[in-house]
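So the sequence lines, in the order shown, correspond to chains A and B.
When we follow the working numbering, the leftmost residue of the first sequence carries the number 1, and every step to the right adds one.
When we follow the working numbering, the leftmost residue of the second sequence carries the number 139, and every step to the right adds one.
What the hints contain is simulated information worked out from the structure, not anything from laboratory work.
Accuracy of the hints is not assured; some may be wrong.
Taking lysine-lysine and the DSS-like style, the derived pairs with C-alpha atoms no more than 30 Å apart in a straight line are [to be verified]: (1) B:LYS233 / A:LYS38; (2) B:LYS285 / A:LYS38; (3) B:LYS223 / A:LYS49; (4) A:LYS105 / A:LYS49; (5) A:LYS49 / A:LYS38; (6) B:LYS223 / A:LYS38; (7) A:LYS105 / B:LYS285.
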Amino acid sequence: MRLGEPTPIKAAINITPLVDVVLVLLIIFMVMAPQMRKGPDVNLPNTTKPNGQGDERGRILVSIDEARGLWINDQPVAAGHFDETLRAAVGAETNPRIVIRGDAKLNFREVREVMIAIEQQGFRGVGLIAKRTGAEGK
Amino acid sequence: MQFNNNDSGSRLQSEINITPLVDVVLVLLIIFMVVVPLLMEGYDVDIPRASADTSAQVAESQLILSIGSAACPILTPPAGEGIPKDCQVTLADQKIPAAELPARVASILGGRPAEQRALFLAVDDRLNYEGVLRIIDLAKSGVEDLKIEFVATD
Chain A
1 MRLGEPTPIK
11 AAINITPLVD
21 VVLVLLIIFM
31 VMAPQMRKGP
41 DVNLPNTTKP
51 NGQGDERGRI
61 LVSIDEARGL
71 WINDQPVAAG
81 HFDETLRAAV
91 GAETNPRIVI
101 RGDAKLNFRE
111 VREVMIAIEQ
121 QGFRGVGLIA
131 KRTGAEGK
Chain B
139 MQFNNNDSGS
149 RLQSEINITP
159 LVDVVLVLLI
169 IFMVVVPLLM
179 EGYDVDIPRA
189 SADTSAQVAE
199 SQLILSIGSA
209 ACPILTPPAG
219 EGIPKDCQVT
229 LADQKIPAAE
239 LPARVASILG
249 GRPAEQRALF
259 LAVDDRLNYE
269 GVLRIIDLAK
279 SGVEDLKIEF
289 VATD
């Protein structure tokens, strides 16, 4: 081996910065993830065998919180503005999937009134979101 | 020659063993995926229509399940799993304990073609929402592809 030849050690790729970046990205995503969830924190009803309702991305989330406040996706909705806010959230979508996230403490009346308000905008069928008993999540 | 041997030996040791690192990253990724489920679960229901056309909709063959707040007093979120034992519901004008719902619904709707397997719910407004969902859950456990539709109550 001559002194001028490159040593084989230097030929290996130094992956440490790459792993650093990946780990930092992972931590950023772990911190951000709870905020990625759309809508307010709602204490969903517990049931034993809810059916799949798909990913919440691509759905229009109508949330009713414990204090009976209405939310559409991320935004709280003032009492008289539900209809136009819902129409704005649907936009040009022809077949929107709307789901209702209602708090477990609500009376059926509050949920039914929201369902009727959705129906009056011409949308048939909603998903009532529940939480599988024992499962984590909000 | 001896120098070369030493060199190749140190080259082997200089490679970073990334396997445990990848393990840790994958486990973190799995924890992250479990903690943040963006998938939702729930029940597809049809919305009660405006009360005007509801009475015309109720035909003979429709199976109506009425849940009243007197016979089934779930006014606050039910504790634990399931629904209280004293809850009685009215299915096709017959008062039955809620626990019998899966069997009754299955015996009535099981023989019908899939598109007619629908249960119409008349629910008292004062009932707790979680209780109502648990009764829907119970009814659905009898017939897998049961359609749920609400009818207006007064």
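Hints, verified against the model:
1. B:LYS233 / A:LYS38: violated (41 Å)
2. B:LYS285 / A:LYS38: Within the cut-off at roughly 27 Å; holds.
3. B:LYS223 / A:LYS49: Between LYS223 of chain B and LYS49 of chain A the Cα gap is close to 19 Å, so the pair holds against 30 Å.
4. A:LYS105 / A:LYS49: holds (20 Å)
5. A:LYS49 / A:LYS38: holds (23 Å)
6. B:LYS223 / A:LYS38: Not OK: LYS223 of chain B and LYS38 of chain A at ~36 Å, beyond 30 Å, violated.
7. A:LYS105 / B:LYS285: holds (25 Å)
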